[in-house]
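A.B. asks: Given the sequences, and given the hints that come with them, work out the whole structure.
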Amino acid sequence: MHWIMNKKSLVAMGLLLATVASWLTFEEFHGYALASVVIVVISTIKVHAIMTSFMEVGAMPGPWKYMLKVWLAVVCMAMIIAELV
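For the sequence shown, position 56 matches number 56 in the working numbering, and the numbering has no gaps at all.
Hint data in this document are derived by calculation from the structure and do not stem from the laboratory.
Among the hints, erroneous ones may be present.
What the hints assert, rightly or not - Keeping only pairs whose Cα atoms sit at most 27 Å apart, straight-line, the calculated DSSO-like set for lysine-lysine is:
#	residue 1	residue 2
1	K7	K65
2	K46	K8
3	K69	K7
4	K46	K7
5	K65	K8
6	K8	K69
7	K46	K69
8	K46	K65
C.D. replies: This is the structure we're talking about:
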């Protein structure tokens, strides 16, 4: 039971649940713009979780950490704008 309390294991389970949530959103609401936005946001949250938990971005010096977060936000917004236009 110790492996369940590990932070990386909890993040991995959260990523699995987020994948299921985005898949269910796609299956139920395919073709709706709002569903696409929700899927992009879920994917962005997943990328942030992977970057901070498994790629050790959270341990980087401040400017690099913030630069990657801003980059991720810009990419997310670009995908949302591209979907809505």
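A.B. asks: Each hint: holds or not?
C.D. replies: Here's how the hints hold up against the structure:
no., hint, verdict
1, K7 to K65, "holds (19 Å)"
2, K46 to K8, "holds (13 Å)"
3, K69 to K7, "holds (20 Å)"
4, K46 to K7, "holds (15 Å)"
5, K65 to K8, "holds (19 Å)"
6, K8 to K69, "holds (20 Å)"
7, K46 to K69, "holds (13 Å)"
8, K46 to K65, "holds (16 Å)"
Hint violations for this structure: none, all hints satisfied.
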